[in-house]
Amino acid sequence: MEASAVLAGAADRFVNDAVTALEHRQHPHYQESTAQDRRRYLEDLVTLVVECVRDRHVEPIIDASQRIAAQRFVAGFDIAEVQGAFNVLEEVLWRGVTDLLAGETRVETLALVNTILGAGRDALARTYVSLARREAAASGDEARPGGETAAGAGGAGIAVRTALVGQVGVITLDDPRRRNALSARLTNGIIGALGRLGAEQARAVVLRAAPGMSVWSAGHDIDELPRGRRDPLAYDDPLEQLIRAIRTFPAPVVAMVHGSVWGGAFDLVLSCDVVVADETATFAITPANLGLPYNTTGLLHFLGRLPVNLIKEMFFTAAPLDANQAKEWMVINHLVGSAELEAFTLALGATMAAKAPLAMAVIKEQLRVLTDYQPVAAQVYERIQGLRRQAYDSDDYLEGLNAFTERRPPIFRGT
Amino acid sequence: MGDEPIDVAAVVEARAEQILSRASEELARAHLAHYEATGRGPTEDRLRALLDLLVGCCRSHRLSPAEEYAVSLAADRRGSGYPLAEVQTAINVLEEAVWAAVLEDVAAEDQGYVLGMVSTVLGALKDRLACAYVAQITSHDTPTLRLDYLFAGTEGLVGPS
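Read top to bottom, the protein sequences are chains A and B. Under this note's numbering, the residue at position 288 of the first sequence is numbered 288, and the numbers go up by one with no gaps. Under this note's numbering, the residue at position 44 of the second sequence is numbered 44, and the numbers go up by one with no gaps.
Do not rely on the hints blindly, as some may be mistaken.
Covered stretches of chain A (chain B as the covering partner; in silico rule of three or more C-beta atoms under 8 Å from a C-beta of chain B) [said to hold, decoys possible]:
1) 121-134
2) 199-211
3) 229-243
Keep in mind the hints are simulated off the structure, nothing from the lab. All residues carry an ideal CB built from backbone N, CA and C; glycine is no exception.
Chain B on its own, in the form it takes in the complex (with noise of 0.2 Å):
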């Protein structure tokens, strides 16, 4: 990696377009009930949205959109009956084509630093997701992880002083 990170939030929104096909495409072979109940083209808009979040969580460098977007996602999404495994599935494939695309076009001594930027939002989402579906069932609330200084790398991993 040179002394620039590179910046992760352009190579994600360069190939926006081939990542949300893909995605969208692998979402559909997964014949998830709740989705293909839903339709194609509002599913495209939910991976859309997602993809746009991601791009911003990157961009800005902070976890807590991805966070707050969590919470209302296991809201709607719970209410409207979806188990959590399907919404797991969705975000999943999204990052798997946000991967493949970040393989074709970032220089292997890069590739980590994106990769890690990417998976750490989507794995906070996912896990806050995680976090309201169960609060939602037992009616009260979970706290949170601690995850403002994962950005930092694992330097982070004294804790804040």
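Same shape as in the complex, but just chain A (with noise of 0.2 Å):
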């Protein structure tokens, strides 16, 4: 038997010991929760785990810690509050692989448990420290800054703010002096909000620029990538955790769009449930004005939302499509006037909230894993990352980013 079918069945066992556990360690946080909730909250761990067993994936446990991470900072609990419930399911997963499973079954089950668990506690960290260091840059009073990346910290002002209109929440981008650059600052701030929406039972979200701005994002934050030498859009890059929040966020997230979107804007619209522009829309993407090798998952976002004809035309002209192009393509949902962009968003955000969410919040991971689901041998992905790799090592990679700093053409070698 499969060892995740073992583990599956011993599910229930598992979720009552760590239970009991959990409230052994008195954590007032989750004291303070019913019963119910902190079973629930374990049931859904035990299930994650078992499932990225299964799977042998990590994403699905990084993608809930990160959530879980957004959700119980903004609630209050402190960082080892929400480790000690990892580590009670660790301790107790640990002593039932032990028990149930032998040989070199037992032993490649540990490692992968301990992998999922590690993975989704170092999400969980990071999750946390950079919520803190938002936080604390909002309020200028970061005790030592400097560490992480400290894109716009230092008392430059909130770049995101949130909302709740009835039981839909909106997320402001508003970051005018950048263009709503997609730095790490901005995108923790809006996973932050997300969170923080979600734990509000936000029914839908909205996705917009600050009004007034003619841009509504200038995409990733080119001071932000690597020079060379890293992959510049890896996994935990922070657009791609945001992307990431997005798609698994358990509400519909609908794109509001007045305004110019670039690079990895576009991405990030295009990971959005809905898109609703006015006629002012644009969208680009751009890495070929930079010679950097596009990242696979983010091609995968493309290709599941449009014709693969389109998406080389716009990859290799990086020229943007105007609104009624736009909608043409079925980029997006609705055109509507400027004037009635906010209202009308707003409406149909309603409109989805006021529906049933469990079947709305499993109807959009369906509708995620269906569309993520493609398999590539792993010689073939290894394959496509040498080959990325050739084009981020390249000389044409840092001359993108030096031209770009100059605000010159840029002149590719093709070396």
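Need the complex rebuilt from these two chains, each delivered in its own frame; the hints are there to steer you.
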């Protein structure tokens, strides 16, 4: 029998043991929650770990850990409390695997459980640190700025605003000085805002730029891209984390677009569940201007939404689509006048917010899983990574970054 | 596992050079900006210090040295601008190298015990490291986990009496 099936069969026992252990830890915030809530939380985690063991993937636990961290941070949990719940689960699972499995299967499963929960705990810690930094930077009292990448930190003002309109959360990107460039600071701010809105039971979320901005977002913060010899769009890149947070957020996320959308911001918009735009909207994807090899999951986002001939033209020319073209190619769901954009989008959000949240959450997750499902042989994936590495290790990539910084046309030599 | 628990510290110590070599190569392959800037020699010294700490904790069955080390590590690395993710990666590559050595050297029936102890020490260190990073940012102390009974195995689930 598969190890994951054995673990699934013992899930109730694991949950019971973990509930008991967590109660003995007497973490104040968990003590304040109901026994039912604690049990459901641990049930969800056990189920997730078993799924990760079955599929041999850590991404689901990483995504969930980031969400948990965002929710717990907002709710005032100390990081040690949240780590405690993970540790309890690890102890229980370790003991379960030791009891239920033998030989190589036992060791292999212990390694998997350790890797999965380790990845979750690492992601949890990084998210907590990131949110703590953001909060400290916003209040201007960070004890020791530096350390984590301090993009925009140091009292530059809050770049992300959050509001709740009925059951519709509204996240506003408000960094006009940097044209809403998707810096670590801004993206972590959005992830934190999603966490807060999730904790407040928002049933739909609208993602928008601040009123009056002619650029919805300038895309990935070029200053934060590594200058060669590192994958510029690695799994932990803040923008990649944000895109995953939106795609796994358990309620619809609507992009409300007024103005131009550039580069990675286009990936972000396409990763929202619905796009509403006005006539000022334009969309461009610009890695060819920088010599930047786009990541495979990013290309999958495009493939899941657009025809491949359009994707190729957009990537190869970096030319923007205007709003009418975007509507024609189904980049956007609704094209409305500027005067009606906000009211239309909020009304659409309210309509969705009135529907059954559990059904919507599961349908969204089903669609994500189905559209993400792309079996690729390991050697093919490695070959693609090798090709990408040639590009990001190249002189062209550095030339693209330098030209952007120096505001001149790049001179690419194909080396 | 036999009646006498295997000597985890001795197992790790016996393969120390191989573990360090493998961890060092993996860390170099990760192209972490701050570790690359520090250079390979000092980075290898740090990995050796971490491995020595692991061996010491396994030998003494005490986690407090790892937790104390985590606090000073956080102060030093964060002060030098290291993102938490880079420090986590350095610890993870060492853990992977230890696991690889253990799987080669240790009989199957003892592997779970050895790996459990190694993971407990390094997991505690990483947890405390994250707490310390958060505490430094927010300028207040973050309570630590009660890890003192982890070494007792999951019998510790009921907590100390």
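> Taking each numbered hint in turn, which are not upheld by the structure, reported in ascending numerical order?
Replying inline: As far as the earlier hints go, only 2 is violated by this structure.
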